[in-house]
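Whole structure, please, built from the sequences with the hints as guidance.
Taken in order, these protein sequences are the chains called V and W.
Per full-length UniProt numbering, numbering through the first sequence is continuous, rising by one, with the last residue being 572.
Per full-length UniProt numbering, numbering through the second sequence is continuous, rising by one, with the last residue being 572.
Treat the hints as calculated values from the structure; they're not laboratory data.
All copies of an identical chain are treated as equivalent in the list; a pair is satisfied when it fits inside any one copy or across any two copies.
List time: in silico DSS-like cross-link candidates among lysine-lysine, alpha-carbon distance up to 25 Å:
1. Lys446 / Lys461
2. Lys342 / Lys234
3. Lys460 / Lys410
Here is what each chain is made of, one letter per residue.
Number of protein chains: 2
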Amino acid sequence: LVNTFGAQVLYDFTAEPGNNELSVREGETITITNQTIGGGWIEAKNSRGEVGLVPEDYIEPFISGGNAAPLDLSFFDSHMPTPTSNGNDPWAVFDNNASGGFSNNWAAQPEGTETGKTSSNAWHSGGHGHPQAYQGPGAEDDEWDEEWDDVKSSGGYAESEAGEGGAINRGGAHGSSMKIALNKFPGFSKSGPELYLLSKQPAKGTKLPVYTGEVGPVWAYPDYQLDCVVADPKKGSKMYGLKSYIEYQVIPTTTNKPVNHRYKHFDWLYERLLEKFGSAIPIPSLPDKQVTGRFEEEFIKMRMERLQGWMSRMCRHPVISSSEVFQLFLSYKDEKDWKMGKRKAEKDETVGVMVFSTIEPEGLPDLDMIEVEQKCEQFNRFTRAMDDGVKDLLTIGNEHWKRCTGPLPKEYQRIGKAFQNLSSVFISSGYEGEAALTDALTAAGKTYEEIAQMVAEQPKKDLHFLMETNNEYKGLLGCFPDTIGVHKAAIEKVKEADKLVAAGKITPSDKITMSKRASIMSYSLQAEMNHFHSNRIYDYNRVMQQYLEQQVKFYEMIAEKLRHAHSQFTTM
Amino acid sequence: LVNTFGAQVLYDFTAEPGNNELSVREGETITITNQTIGGGWIEAKNSRGEVGLVPEDYIEPFISGGNAAPLDLSFFDSHMPTPTSNGNDPWAVFDNNASGGFSNNWAAQPEGTETGKTSSNAWHSGGHGHPQAYQGPGAEDDEWDEEWDDVKSSGGYAESEAGEGGAINRGGAHGSSMKIALNKFPGFSKSGPELYLLSKQPAKGTKLPVYTGEVGPVWAYPDYQLDCVVADPKKGSKMYGLKSYIEYQVIPTTTNKPVNHRYKHFDWLYERLLEKFGSAIPIPSLPDKQVTGRFEEEFIKMRMERLQGWMSRMCRHPVISSSEVFQLFLSYKDEKDWKMGKRKAEKDETVGVMVFSTIEPEGLPDLDMIEVEQKCEQFNRFTRAMDDGVKDLLTIGNEHWKRCTGPLPKEYQRIGKAFQNLSSVFISSGYEGEAALTDALTAAGKTYEEIAQMVAEQPKKDLHFLMETNNEYKGLLGCFPDTIGVHKAAIEKVKEADKLVAAGKITPSDKITMSKRASIMSYSLQAEMNHFHSNRIYDYNRVMQQYLEQQVKFYEMIAEKLRHAHSQFTTM
Chain V
1 LVNTFGAQVL YDFTAEPGNN ELSVREGETI TITNQTIGGG WIEAKNSRGE
51 VGLVPEDYIE PFISGGNAAP LDLSFFDSHM PTPTSNGNDP WAVFDNNASG
101 GFSNNWAAQP EGTETGKTSS NAWHSGGHGH PQAYQGPGAE DDEWDEEWDD
151 VKSSGGYAES EAGEGGAINR GGAHGSSMKI ALNKFPGFSK SGPELYLLSK
201 QPAKGTKLPV YTGEVGPVWA YPDYQLDCVV ADPKKGSKMY GLKSYIEYQV
251 IPTTTNKPVN HRYKHFDWLY ERLLEKFGSA IPIPSLPDKQ VTGRFEEEFI
301 KMRMERLQGW MSRMCRHPVI SSSEVFQLFL SYKDEKDWKM GKRKAEKDET
351 VGVMVFSTIE PEGLPDLDMI EVEQKCEQFN RFTRAMDDGV KDLLTIGNEH
401 WKRCTGPLPK EYQRIGKAFQ NLSSVFISSG YEGEAALTDA LTAAGKTYEE
451 IAQMVAEQPK KDLHFLMETN NEYKGLLGCF PDTIGVHKAA IEKVKEADKL
501 VAAGKITPSD KITMSKRASI MSYSLQAEMN HFHSNRIYDY NRVMQQYLEQ
551 QVKFYEMIAE KLRHAHSQFT TM
Chain W
1 LVNTFGAQVL YDFTAEPGNN ELSVREGETI TITNQTIGGG WIEAKNSRGE
51 VGLVPEDYIE PFISGGNAAP LDLSFFDSHM PTPTSNGNDP WAVFDNNASG
101 GFSNNWAAQP EGTETGKTSS NAWHSGGHGH PQAYQGPGAE DDEWDEEWDD
151 VKSSGGYAES EAGEGGAINR GGAHGSSMKI ALNKFPGFSK SGPELYLLSK
201 QPAKGTKLPV YTGEVGPVWA YPDYQLDCVV ADPKKGSKMY GLKSYIEYQV
251 IPTTTNKPVN HRYKHFDWLY ERLLEKFGSA IPIPSLPDKQ VTGRFEEEFI
301 KMRMERLQGW MSRMCRHPVI SSSEVFQLFL SYKDEKDWKM GKRKAEKDET
351 VGVMVFSTIE PEGLPDLDMI EVEQKCEQFN RFTRAMDDGV KDLLTIGNEH
401 WKRCTGPLPK EYQRIGKAFQ NLSSVFISSG YEGEAALTDA LTAAGKTYEE
451 IAQMVAEQPK KDLHFLMETN NEYKGLLGCF PDTIGVHKAA IEKVKEADKL
501 VAAGKITPSD KITMSKRASI MSYSLQAEMN HFHSNRIYDY NRVMQQYLEQ
551 QVKFYEMIAE KLRHAHSQFT TM
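This is the structure:
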């Protein structure tokens, strides 16, 4: 059944175009036509008969006729499935052909190529996203055109209200598993790993050494840590101004010479990196193409912030940052240089599993298959567990965000109003010597209204970065199933080696080569995991410090305001 | 329509006997059988088929079959009518026979003798009270027996959960309007005020002088401010232990000699004071007889706290504290002395409006009727406005109480758990040099769990006293309609004086006497209002200071905890 109820709009909400949303204004009365949308949305109709989606926590329903069952606004949130329990599991696709060696307590869950979808969208749908907001693979394919980085014109929008800036744009990075699948990524084709394991051709391209560090196998780190700044977005236009796009400045700390790139250039770089390094190194996908803000400035700001985050992470990776294609992107001399470099990169043959042919463990002994498999299992377990933890934190953080920007400040405001109201009643008493109390009471009331404001604005100051970092890691972790999957497939192949020899499909020496190369792959994976761990420790230290620091400031400021309010009451 | 839904129990709730409540345990699944109870309650059935009332904010419903409309738990609270808008208006009973002189924008609202009911019960039903919890006049009459102060045995109850101690026992003082009505209080009988206005007999009993103070007419205040301590409740029993009762020690600061009193003695005192002073001085009624706690200790503690508050207020009143009956209550020598004094007090003839015959304005000029009426109107307007403000604050305070003891700490706890969970995932990485981060992350998680605890316990430390004070004032303000009503009735009589003379019902000199006495009544009312105002200013200064002081401590402690959590992250 779909009951319809009247509801009061608590806060302004401005619809995004093309998302079936309905703009509503505070105090407006609407009719809820469908409450079973989920993902934090309900369908409503306004007085003009327009129907569309509205964030459930923006409205407060009342019983029409007094006997209809009211909506539960906190319902969908509190019951919002955590990404890992909603049956969409980026790891499941590998668990399907998993060897018994892999503990797979998720086997019961559905598989398929769409696995990246919901999980990568979890924070989004946890926030103000809704089903329509997600664009499936097909939709993404449609977008492989000039439109990518066109700014979705958002018309004459009013300013967004507190918290909104944070609640939107949370599409996050899509798990790249799906993206790889789309690209017919060699790692998946039956011939996948053996392409390298049995390859006879000599390795082409730059060598990628792996050394022994304190923590085990590590990549070769440059003396100078590359970084870059993404800044100064400029609106360009083509087709006589019919289409507009944004061009960002990318300034490498090495040359300090800015180069211009459009979103689609970033996406081109992503595709190259994914193709070339994807089976050895998880390449986090770019910020959602679908990211849209309440209005253009916000949209551009948010996308730039995330492009910056993505570029910095790429710069921090020793293998990627030193790669030819990445260097080209950062420091091409002119249009011609760029075009030529592009063509060359697209012709690169050392892609997919063949990247392992360029990896050279320096003076590291061959590993036996038991050890290789154990390492692989360990990494799979860890990344999976961390993926759960991160998504859990994102879900809770998102609910907290809603509370801090919705009901909580509203309540402090009402407390403040109640004090001020009582104060004005007292003023009306006509009794002498009232002023001292009424002034203090009014001030206390105003203080609680200020606190309401602070509470509503705080998430942008602290929770935002905690969410952004975890969202970034969610995207990164979403890539591991692909990377680890390649290794698992290789291990399976080596296990079959004896059969293949018996069947005369390969020679005994091929078999030795295969396990040697599986060992090389394992060193590469270990180096990558150690890189991931050291970055993770740095990132979480930083973000937690930042978060707690802001939280301390927040509570101290409240205490200070209340201390001042307290001081205005005359002690007797 | 009454849909039935499944629901999950969020917190333990232990039913009170005789209140149609249903005990439920956290995690238990129940069926909601009636959501239209209101007052913060819903009716539910447990797996054993037992049906009863459960606080709506203790459960979280889920859609059965996925298409039924879920309950809105926040609905009844947010829409809970503020007492003054729920059609029950203690003032209305007077507005019905109000002279045009009285601005009566509530005229549309229902009248009747039950007006005191819902309004006096507002905080209660805002809290965990429900219709059944309120005892109407009839029920109260039934209680004029030995049972009054018998402890309602509450069986083998578990400890109450956070906040519960505050959410219960909020029955508050009943507006005494009804009580007076029950007692056939002279002020209401047609012959009411003229009993005094036209009385020929000389005044009996102690004189009650009214002087001119800085703020206008004031009572005669004693040099020494009387006060007393209500303490050391002892359980007594009678009928061979079949019935038990509580005896409290009352220790006046004057004699310091304790006397013992049961609740029914307090109630007897209340009745005497109401009968003798009720038309000149609002007598707040005693803490609800219906007050019951989750378990005996809590019940006794709460009742004692409120008896203390009531006694202190009586002690602070110059007229009441110096009255013979009050002195008897505070300092009777022995059982015989008490019994004799009781009989004497019950025989007192200077009760009802006749109390005005003992009031003597010292050297104050007679007031003309215009001024008398204006004063009366002003007081009526003010007390009515304050009643609204106080009830508003109680409603909001009650909602805030629920949030602080319900969803908010739950959320902080989940944040804390998420941090700790992430920490244990990190520990499992097997990467070296992880400890510094994981220790700090675990500590941060524990900190948020501690904050959750603090948040849940805070209302008992600050909001409780703010609520108690306002509840006390709600009770006090509930008495003003009676007191002011007596004055209004007198004014009406004096206005009719000419007609009465013309009709030969009274002599011209009677008419002069009437307006003289109306003037005396006005001085008495002004003295009482000035007493009320000075107390109000003192009380609200004190409670606001106390509240803000605790709030400051609270936020400072949180900031301190977070500062410590922050310090544990290694800066890089």
